[in-house]
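So the sequence lines, in the order shown, correspond to chains A and B.
Just remember that my numbering sits 189 ahead of the position in the first sequence, which is counted from 1.
Just remember that my numbering sits 16 ahead of the position in the second sequence, which is counted from 1.
Hints are supplied without guarantee of correctness; some may be wrong.
Unchecked claim - Straight-line Cα separation of at most 20 Å, EDC-like style, residue types lysine to aspartate or glutamate; simulated pairs: (1) B:Lys269 / A:Asp451; (2) A:Lys474 / B:Glu82; (3) B:Lys80 / A:Glu472; (4) B:Lys80 / A:Glu235; (5) A:Lys448 / B:Asp270; (6) A:Lys452 / B:Asp270; (7) A:Lys457 / B:Asp270; (8) B:Lys80 / A:Glu468; (9) A:Lys474 / B:Asp270; (10) B:Lys269 / A:Glu235; (11) B:Lys157 / A:Asp407; (12) A:Lys474 / A:Glu280; (13) A:Lys420 / A:Asp431; (14) A:Lys408 / B:Asp304; (15) A:Lys447 / A:Glu280; (16) A:Lys452 / B:Asp272; (17) A:Lys241 / B:Asp270; (18) A:Lys310 / A:Glu468; (19) A:Lys241 / B:Asp272; (20) A:Lys457 / B:Asp272.
Just so you know, these hints were derived from the structure itself, not from any lab.
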Amino acid sequence: MKLINVKSVAAGLVLLASGATAWAQAVVKCDGSSTVFPIAEAVAEEFQGANKNVQVTVGMSGTGGGFKKFVRGETDISNASRPIQAKEMEEAAKNGIEYIELPIAFDALTVVVNKGNTFLKEVTTDDLKKMWNSEAQGKVMKWNQVRAEWPDEAITLFGPGSDSGTFEYFTEAACGKKGDSRGDYTASEDDNTLVTGVSRDKHALGYFGYAYFVANQDKLRAVPIVNKAGKAILPGEAAVKDGTYNPLSRPLFIYVNKKSLDKPEVRKFAEFFMTKGAEMAAEVKYVPLPASAYTKDLERLNAKQVGTAFGGHNETGLHIDDLMSRPLSTQVIDKKKEGGAEPSTTPPKKDGK
Amino acid sequence: MTGPTQATMDLVARRRRADGLFACAGAVLVVLCLGVLVLLVGDLVRDASARLHWSFLTNYPSRKPEQAGILSPFVGTLLVMLVTGCTAIPLGIAAGTYLEEYARKNWLTNIIEINIANLAGVPSIIWGLMALGLFIYGFEKWFGDPGDEVFGLGRSILTAGLTLGLLVLPIVIVATRESIRAIPQGIREASFACGASRLETVRHHVLPYSLPGVLTGCIIAMSRAIGETAPLVTIGALSYVAFLPPVPGSVVKDIDGNVMGHAGLFDWLHSGFTVLPIQMFNWVSRPDTRFQANAAAAGLVLLTVTLLMNGVAIVLRNRMRRNIQW
Numbered sequence: 190m191k192l193i194n195v196k197s198v199a200a201g202l203v204l205l206a207s208g209a210t211a212w213a214q215a216v217v218k219c220d221g222s223s224t225v226f227p228i229a230e231a232v233a234e235e236f237q238g239a240n241k242n243v244q245v246t247v248g249m250s251g252t253g254g255g256f257k258k259f260v261r262g263e264t265d266i267s268n269a270s271r272p273i274q275a276k277e278m279e280e281a282a283k284n285g286i287e288y289i290e291l292p293i294a295f296d297a298l299t300v301v302v303n304k305g306n307t308f309l310k311e312v313t314t315d316d317l318k319k320m321w322n323s324e325a326q327g328k329v330m331k332w333n334q335v336r337a338e339w340p341d342e343a344i345t346l347f348g349p350g351s352d353s354g355t356f357e358y359f360t361e362a363a364c365g366k367k368g369d370s371r372g373d374y375t376a377s378e379d380d381n382t383l384v385t386g387v388s389r390d391k392h393a394l395g396y397f398g399y400a401y402f403v404a405n406q407d408k409l410r411a412v413p414i415v416n417k418a419g420k421a422i423l424p425g426e427a428a429v430k431d432g433t434y435n436p437l438s439r440p441l442f443i444y445v446n447k448k449s450l451d452k453p454e455v456r457k458f459a460e461f462f463m464t465k466g467a468e469m470a471a472e473v474k475y476v477p478l479p480a481s482a483y484t485k486d487l488e489r490l491n492a493k494q495v496g497t498a499f500g501g502h503n504e505t506g507l508h509i510d511d512l513m514s515r516p517l518s519t520q521v522i523d524k525k526k527e528g529g530a531e532p533s534t535t536p537p538k539k540d541g542k
Numbered sequence: 017m018t019g020p021t022q023a024t025m026d027l028v029a030r031r032r033r034a035d036g037l038f039a040c041a042g043a044v045l046v047v048l049c050l051g052v053l054v055l056l057v058g059d060l061v062r063d064a065s066a067r068l069h070w071s072f073l074t075n076y077p078s079r080k081p082e083q084a085g086i087l088s089p090f091v092g093t094l095l096v097m098l099v100t101g102c103t104a105i106p107l108g109i110a111a112g113t114y115l116e117e118y119a120r121k122n123w124l125t126n127i128i129e130i131n132i133a134n135l136a137g138v139p140s141i142i143w144g145l146m147a148l149g150l151f152i153y154g155f156e157k158w159f160g161d162p163g164d165e166v167f168g169l170g171r172s173i174l175t176a177g178l179t180l181g182l183l184v185l186p187i188v189i190v191a192t193r194e195s196i197r198a199i200p201q202g203i204r205e206a207s208f209a210c211g212a213s214r215l216e217t218v219r220h221h222v223l224p225y226s227l228p229g230v231l232t233g234c235i236i237a238m239s240r241a242i243g244e245t246a247p248l249v250t251i252g253a254l255s256y257v258a259f260l261p262p263v264p265g266s267v268v269k270d271i272d273g274n275v276m277g278h279a280g281l282f283d284w285l286h287s288g289f290t291v292l293p294i295q296m297f298n299w300v301s302r303p304d305t306r307f308q309a310n311a312a313a314a315g316l317v318l319l320t321v322t323l324l325m326n327g328v329a330i331v332l333r334n335r336m337r338r339n340i341q342w
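Using the sequences and the accompanying hints, generate a full structural model.
Here it is, written out as C-alpha cells:
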C-alpha cells in the first residue's frame with residue numbers, strides 16, 4: 190500500500206496534505222531498454238485504451254538502468270534487450286525480488302551499406318571481425334584489406350556507442366568478445382545519425398537495429414550475413430523467425446516482478462502484452478516471435494515461473510525454440526566451471542497457487 | 017584664430033571612417049546572429065507546420081505519429097515549472113536579501129558568496145545526481161526501508177521541481193543581490209531617518225525598488241529550467257506517459273471501475289511525469305522519420321512558452337519601473 194500522504198508529511202514539504210486520501214492509483218511501472226521502448230509504448234497505449242482507469246508509465250533508462258530500478262523493487266516490469274546479468278541477479282536475490290523472464294520479440298541487427306555500394310554481396314562474421322575488432326584500429330582502413338577482391342577504397346565505419354546493448358551484442362556475435370571493438374569509427378547513440386552517415390558515404394558500413402533499416406530502405410541497403418550453415422541471408426521477418434538469420438538476431442525481453450503480479454493491473458497488463466505483443470511489435474517494425482512462444486510466455490506468467498534461461502550471461506545466435514524450452518533458474522551459472530553457457534539442469538521452480 | 021589644420025581634419029575624417037566601419041561590423045554581426053535565429057525558427061516552423069493543430073496540444077503521445085500529441089509532457093513541464101518557481105523564487109529572493117541587507121561581512125559570508133557564484137556554474141547533470149542521492153535514495157534510507165516508497169520523494173513532479181529549483185537558485189540569488197546593490201544607500205538612510213526598522217526598510221523600499229531586476233533574474237532562471245533535460249533524466253523522468261497528474265478532488269477508480277476515493281490536494285506532486293524536452297528527444301531518435309515533425313512542433317511549443325514567459329515578465333517589469341520614483 191502506498192501511503193502517498195504519509196510520504197509528503199514525512200518529507201516535511203507538504204504541510205497541507207491532510208486532504209489526501211490513502212488510496213493507491215492503479216499504476217503499472219515499466220522502465221528499461223530504449224530498443225524495447227517502442228513495443229512497450231505501443232502495448233501501453235493499447236492497454237490504456239482498453240482500461241481507462243489504469244496508468245501505464247514507460248521509462249527509457251537503458252537495459253542496465255532499468256534493471257537497477259527493477260532489482261530495487263521500484264518498477265513492475267523491466268524492458269531488456271539482453272538477458273539479466275549475474276550481478277543483477279545477485280542484487281535481485283539480495284532484495285528478495287523474483288522475476289519472470291518473457292521473450293517478447295526479435296531485433297535483427299542489420300549491417301547496412303550505401304545504396305551506391307554494389308560490390309558487397311554478402312559478409313561473413315569473420316569479415317565483420319576483421320573490420321571491427323580492436324586490433325583493426327588504425328590498421329584495417331581499406332576494403333581490400335578485409336577481402337582482396339573488394340576495392341582499394343577507404344572504409345568508413347558507423348556504429349552505436351559502447352553504452353548500447355546493440356554494441357554489446359554485435360561485438361560479442363561478430364568479434365567473439367563483448368566490447369571487443371575498434372574505437373576509430375563514427376559512434377552515435379542516435380541511430381538516425383548513423384543512417385545519415387552511411388547514406389552520405391559511398392564506401393561506408395554501419396550496423397544498428399532492424400527497425401531503423403526498415404524506415405530508411407530508400408537510403409540504405411542491408412547486407413546479407415553468412416550464417417552458421419554457410420548461407421548468406423538477408424534480414425527479414427521470415428529469416429529472423431525461423432532462425433536462419435544468425436547470429437545477428439537477438440531476442441528482446443520483459444522481466445516481470447513476481448510480487449507485482451498480485452496487483453490485478455500488472456497481471457492484466459502482462460497478459461495483454463503476451464496476447465497483443467506480436468501485433469504491436471510488427472506495427473513498430475520489429476519481428477514478432479512465433480505464436481508458440483507467446484503461448485509459452487503466457488504459461489510461464491500464469492504459473493509464475495521465475496528465473497532466467499541464461500544463467501546470468503549473454504549468448505549469441507540462439508534459436509527461439511531452444512530458448513523457450515530451456516529450464517529456468519535464478520542461480521548464476523559459472524561459465525568457467527560449466528565450460529559453456531549451458532544452464533544447469535535444475536528443474537524449473539514452479540509456484541502454482 | 018585659424019580654422020582646423022588639414023592634419024586635424026584628416027585625423028577626424030579617419031576616426032569617423034573607423035567609427036563607421038565599426039558600426040557596420042556590429043550591424044553585420046547582429047544581422048548574422050538574428051539571421052541564423054530566423055533561419056532556425058523558420059526551419060522549425062516549416063518542419064512543424066504539418067502537425068500544428070489544436071489536437072497536437074490535446075492528444076497524448078502515441079506510436080502513431082499523426083495522432084501523437086504533447087498533452088502529458090506539456091502539462092508535466094508546466095507543473096514542474098510551477099514547483100520550481102514556488103521554491104527557487106522565494107528562497108532565492110530571501111537569501112539574496114539576507115546576504116545584502118542583514119548578513120555581517122565576515123569569512124563565513126565570503127565563503128557562502130564564493131560558493132553561490134560557483135554553484136551557478138555547476139553542470140546540470142551534477143544537480144541531477146545530487147537529487148537522486150538526496151531526494152530519492154537519501155530520504156528513503158534515512159526515513160524508511162529501501163524500496164518501500166513511503167519516505168523517499170520518489171521519481172515525481174515534486175522531486176523534479178525541487179531539483180530544477182535548486183539548479184536555478186544561484187541565478188535568482190545573484191540577480192537579487194545585484195539589483196539590491198544598485199539601490200542608493202541614501203534611500204535606506206532616509207528610511208531609517210524616518211524611524212523605519214530594518215524590516216520596514218526592506219519591505220517598503222529595498223525590495224520594491226529592486227523588483228524589476230529581480231524579476232529579470234527570475235525569467236532567466238525559469239527559462240533555463242524549462243529546457244533542462246539531463247537532471248530530469250537522472251532522477252527518472254519517464255518517456256511515455258499518457259495520463260495527467262490527478263486533479264485535486266477527482267474520483268479515482270481501480271482497474272474494474274470501482275471508486276477508490278478522491279485525489280488529495282497535493283497528490284499531483286507525487287505523480288510520475290515527463291517533460292517537453294524529453295518527449296522531443298524521444299521523437300527525434302525514433303526510426304520512423306515522421307516523428308521528426310512532431311519533435312519540431314513540440315520544440316515550437318516550448319519556444320512559445322518560453323517567449324510568453326519572458327514577455328509577461330518584461331511587461332511586468334516595465335510597469336513596476338514606472339512606479340519607482342526617487
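Hints, verified against the model:
For the suggested pair Lys269 of chain B and Asp451 of chain A, the alpha carbons sit about 18 Å apart, so the restraint of at most 20 Å is met. The straight-line distance between the Cα atoms of Lys474 of chain A and Glu82 of chain B is roughly 17 Å, inside the 20 Å bound, and the hint therefore holds. Among the hinted pairs, Lys80 of chain B with Glu472 of chain A is consistent with the structure: their alpha-carbon atoms are about 10 Å apart, no more than 20 Å. For the given pair, Lys80 of chain B sits about 11 Å from Glu235 of chain A by alpha-carbon distance, which is consistent with the 20 Å threshold.
Distance check on the hinted pair: Lys448 of chain A and Asp270 of chain B sit about 18 Å apart at the alpha-carbon level, within 20 Å; holds. Of the pairs offered as hints, the one joining Lys452 of chain A and Asp270 of chain B holds, with about 11 Å between alpha carbons and a cut-off of 20 Å not exceeded. Between the alpha carbons of Lys457 of chain A and Asp270 of chain B the distance comes to roughly 13 Å, so the proposed pair stays at or under 20 Å and holds. For the proposed pair Lys80 of chain B and Glu468 of chain A, the alpha carbon gap of about 14 Å is at most 20 Å, so the pair holds.
Under the criterion of a C-alpha separation no larger than 20 Å, the hint pairing Lys474 of chain A with Asp270 of chain B is inconsistent with the structure, at around 33 Å. Of the pairs offered as hints, the one joining Lys269 of chain B and Glu235 of chain A holds, with about 19 Å between alpha carbons and a cut-off of 20 Å not exceeded. For the suggested pair Lys157 of chain B and Asp407 of chain A, the alpha carbons sit about 53 Å apart, so the restraint of at most 20 Å is broken. For the hint linking Lys474 of chain A to Glu280 of chain A, the alpha-carbon distance of about 34 Å lies beyond 20 Å, and the restraint is violated.
Among the hinted pairs, Lys420 of chain A with Asp431 of chain A is consistent with the structure: their alpha-carbon atoms are about 14 Å apart, no more than 20 Å. Only pairs whose Cα atoms come within 20 Å are accepted, and Lys408 of chain A paired with Asp304 of chain B is accepted, the gap being roughly 13 Å. For the suggested pair Lys447 of chain A and Glu280 of chain A, the alpha carbons sit about 15 Å apart, so the restraint of at most 20 Å is met. Between Lys452 of chain A and Asp272 of chain B the alpha-carbon distance is near 12 Å, which keeps this suggested pair within the 20 Å criterion.
Proximity of Lys241 of chain A to Asp270 of chain B is assessed by CA-CA distance (about 10 Å); at most 20 Å being required, the pair is judged to hold. With a CA separation close to 32 Å, the supplied pair Lys310 of chain A and Glu468 of chain A exceeds the 20 Å bound. Taken as a hint, the Lys241 of chain A and Asp272 of chain B pair is honoured in the structure, with Cα atoms around 10 Å apart against an allowance of 20 Å. This hinted pair checks out: Lys457 of chain A and Asp272 of chain B have alpha carbons roughly 11 Å apart, not beyond 20 Å.
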